[in-house]
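Asks: Here are the chains, one letter per residue:
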Amino acid sequence: MDKIGISEKIKQLSTKKISNMYLSDFLLTWDKTMDELEAVFEVAEIFRDMRTNNISPKVFDSGLAISIFRDNSTRTRFSYASACNLLGLTVQDLDEGKSQIAHGETVRETANMVSFMADVIGIRDDMYLGAGHTYMKEVSESVYQGHLEGVLEQRPTLVNLQCDIDHPTQTMSDALHLINTFGGIEKLQGKKIAMTWAYSPSYGKPLSVPQGVIGLMTRLGMEVRFAHPKGYNVMSEVEEIAMRNCQESGGSFIKVDSMAEAFKDADIVYPKSWAPYKVMEERTELLKTQDHDGLKDLEKKCLENNKKFVDWECTEELMKSTHNGKGLYMHCLPADITGVSCEQGEVEASVFERYRVPQYMQASYKPYIIAAMIFLSKFKQPAERLMQVLDDNVMRWG
Amino acid sequence: MDKIGISEKIKQLSTKKISNMYLSDFLLTWDKTMDELEAVFEVAEIFRDMRTNNISPKVFDSGLAISIFRDNSTRTRFSYASACNLLGLTVQDLDEGKSQIAHGETVRETANMVSFMADVIGIRDDMYLGAGHTYMKEVSESVYQGHLEGVLEQRPTLVNLQCDIDHPTQTMSDALHLINTFGGIEKLQGKKIAMTWAYSPSYGKPLSVPQGVIGLMTRLGMEVRFAHPKGYNVMSEVEEIAMRNCQESGGSFIKVDSMAEAFKDADIVYPKSWAPYKVMEERTELLKTQDHDGLKDLEKKCLENNKKFVDWECTEELMKSTHNGKGLYMHCLPADITGVSCEQGEVEASVFERYRVPQYMQASYKPYIIAAMIFLSKFKQPAERLMQVLDDNVMRWG
Amino acid sequence: MDKIGISEKIKQLSTKKISNMYLSDFLLTWDKTMDELEAVFEVAEIFRDMRTNNISPKVFDSGLAISIFRDNSTRTRFSYASACNLLGLTVQDLDEGKSQIAHGETVRETANMVSFMADVIGIRDDMYLGAGHTYMKEVSESVYQGHLEGVLEQRPTLVNLQCDIDHPTQTMSDALHLINTFGGIEKLQGKKIAMTWAYSPSYGKPLSVPQGVIGLMTRLGMEVRFAHPKGYNVMSEVEEIAMRNCQESGGSFIKVDSMAEAFKDADIVYPKSWAPYKVMEERTELLKTQDHDGLKDLEKKCLENNKKFVDWECTEELMKSTHNGKGLYMHCLPADITGVSCEQGEVEASVFERYRVPQYMQASYKPYIIAAMIFLSKFKQPAERLMQVLDDNVMRWG
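Chains as they are written, first to last, in this note's numbering: chain A, 1 to 398; chain B, 1 to 398; chain C, 1 to 398.
None of these hints come from the bench; they were simulated from the model. Each hint should be verified, as a subset may be incorrect.
With beta-carbon atoms standing in for the labels, derived distance ranges [as the list claims (entries may be wrong)]: (1) A:G398 x C:T106: 32 to 38 Å; (2) B:M34 x A:Q290: 28 to 34 Å; (3) A:Q290 x C:S202: 54 to 60 Å; (4) A:K3 x B:M34: 30 to 36 Å; (5) B:S236 x C:K301: 52 to 58 Å; (6) C:C342 x A:E304: 50 to 56 Å; (7) C:S202 x B:D71: 26 to 32 Å; (8) B:D95 x C:S202: 19 to 25 Å; (9) C:E285 x A:H323: 48 to 54 Å; (10) B:D95 x C:K9: 34 to 40 Å.
Residues of chain B placed beyond 12 Å of chain A at every Cβ, according to the derived structure [unchecked claim]: (11) R48; (12) R51; (13) D71; (14) D257; (15) A260; (16) L287; (17) E384.
All residues carry an ideal CB built from backbone N, CA and C; glycine is no exception.
Model the full assembly from the supplied sequences, consistent with the hints where possible.
Replies: Written out as structure tokens, the structure reads:
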């Protein structure tokens, strides 16, 4: 893609109705209009093309990007750092301690105290069902109010780097990967994607990826087949959103009972482990009361229950049943690979390895997706600003 | 404030005698002349106005700002990071371990080894009475010597981010808040400020805020009324400084025995908990010998003693006794708020809440104060350099 | 050195055959040609001169520099941060946990996942004999492949910040210190350097410094005398490299049995403690199996054995036997100084103190050496690019 191509993409962006994105957070994909989602895809692509052409979109001369990770994170941390660095922002970590669920006054005060020169706040808070999204809303309202009150010179906008409900930077990257793999967003209409549970010898994996996937892919007109063992259901609110989405998009949301049913003739498969909703709910309560024995018991019970569904594995045999035997395998990584990272896991090693490069590509969109989310929330006239970046033609390096 | 206004402020700065600030540290406010203190206020305001006008004062193209925090710190860390980022410096943390008091050879060597490309060193070391300020002097002398010896290409200057004696970035922010609240530094002459102890169910809070406040506000011609329960006295050296200050400034330093006396007709009140000097001294010794049982005993004793003074609380009733019932409530934050952050604390919730926004404003000056301290120690002709920033008119973002 | 002088140095650089450095890692000095090593020295000097002249060689507008430290490190961390900052790169730490030896699939995946916008990866992994260098090769191959596969937009190059075999950023700084002390690289021909073991009351110090020194100094035509107590030998592969080097350089590699023999008439002495090869091998096995009792036993045994050689100390008496009694004392720091940092250590206090400033100078080259290594691996035409930096004449600060 050369500079003329980038310029064409920017012109396309300028036709979108996206004025509401200015100074707004990116918390849940279903809070955004289709134009807004498409704008994120387009700006992400523009940034990627600019980078390939060694053009620097450093639109901030200085400014802080706060990161709050309430869970260990290497990959998301680097994606966020990459996005901020690309735009000229410096990441500053706020380490509140992993086990602490802050509330009310403390959240408001801390949010303001750290934000005097912060343009963006990225938060990952996926450990507590019912808490992550709520916490993000509290932070958002705190800095909004702080700006109104004259405390904050600018208003920092939030990017959800994973909460208990949605994982928009992941699923938007997933979707952009599909758009590029299938040759355009319109090509996704009617495509069959199997979002299924898969066995893993681990415990407590968040629900935000399956929830985010069914909440976004139904939006794009896809036929989403959702399968999991009994008890491993996700938040019913998100399932309702998925169903509502289909009415507008022409997509469909179909719950089936096995991997086999979900995989049959699928264009894409996304088999992945997660904890049962009930377990996550129970876990949240135990964490709140610091009931360590209860937590150990729960983990043990849960791992034992998992073992009943050890046959939920993405095998070569199952892959053969996908569309022309060539369905696209996806994973948000890291995956539990049978015989590689564990004895028995989510996916057969040969399947994983065959799709290794596409998976890495899938992940490679994340820094650009995050940069696009930040950019669209900070610039009132994003297309004009991008055109100016193109004209300025500052080299990223060299 | 528009660009013409900023330009006027810069002209005012150029009349100050501040040549000694060049390449000097900012460790104690009482080591500085009035012209120097006023220069810090003025440059802080200029930076704030520049930011409001989206003008970037990024005077460093590259360079490191070392941070050494010997105590947990979120707010000061972010203020320092914000200031450095504004000026173009990159923060690099030096984590020496919290419990270690380094001495002599080690300090000299480490200070030099990390400073080959460091322009600034910010240190917070408030845990050990008799150690924090001493450590800063050691670091300062080490890098001064290192520069003389040709080891360091530049000479890093120090900013005291809180020591055992003073907390200049806090109190200078406090003072700038007062200057802006009352309409000018000359308006502070004769204003009554109550710096008083207040009850908190916590232990070991440093003395540097009350010491810093009485050491600075007496400088500005204020009537400082200082009150604390018996035994909760601060360093006598600082009280002497406060008294000496008054002779020059026309202010006064009055010790009273109760919150009520201190609050009577006060224009400003600053009720805040701290540990008794004797306890801090004992604690330092116990920390040095790693006497964990001794430390536990001391904490227990101290908390019990605190409880005798649970009525030292900033109540609505007391606030009514201040000037016109409208004295300005201040706190360096976080405060122990009765019924909010603890059962019984320093301040009634309604008082705190009524002054929440002013308190946030008070804190908002800190990044600018720190940036001003750094800037004035690194530029020989600060007014000229600021005028050039104004002329260059580089956008902070956009 | 003024701008004309810098320009002369750049012209000299352009005569070197260094095209293979482009996009290559810097892992072991003996993998590099003499022209390549000299280029590193020259670029380091050019960067130092530029800094003295306040010229900024910020050749990256944005970009990440990953750091992976598998061992605590303050000094190397700051040197790496300084180098990256000088060039315009932002450091992002990858904290994989100190005790974990990652393998195969995990290394490949993580290396790619963090490198989407990474230009450089600096790794320190010196704890496990047989693992550090191997790990670096795995990371290097992973990102090389990732770039070929289109996953990574650019190809990050590696800098070895210390492995189990070599410590090139240290020894190249040491060598540059010698070049400047003796007045040119050609002056090192035939100079006598004593690389000897010295007693220290510590355990498990890596072998990479002595190995790196004998592997590099023999290259520069020096007479390297290597001495250690029985059992404290280093990797035999590196000794063989040292011997081979001499055939080309005209230097010599002589093993002697005592400090006294090594020091006799030496121009330079480098007495330093390290663990016996056998112990490090055993330790690696025990660490792999997490045998904590075994590790404790090994440490105890090793410390006891060390004590037999307490007389391996760099004394004033021994220093008198060096060339004209004025041999240059070197240490990679921190040193174990008798009566200062320990009761009985590697060097007498008065010797250390007399050579304190030269040692600090020795260390001061490291940020420039690292910057040179990075620069030479990222720019196809380094001399042209440096000349452009000189012409652009951007101020580092002011």
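Asks: Find the hints from earlier in the document that the structure breaks and name them by number, from lowest to highest.
Replies: 2, 3, 4, 11 and 12
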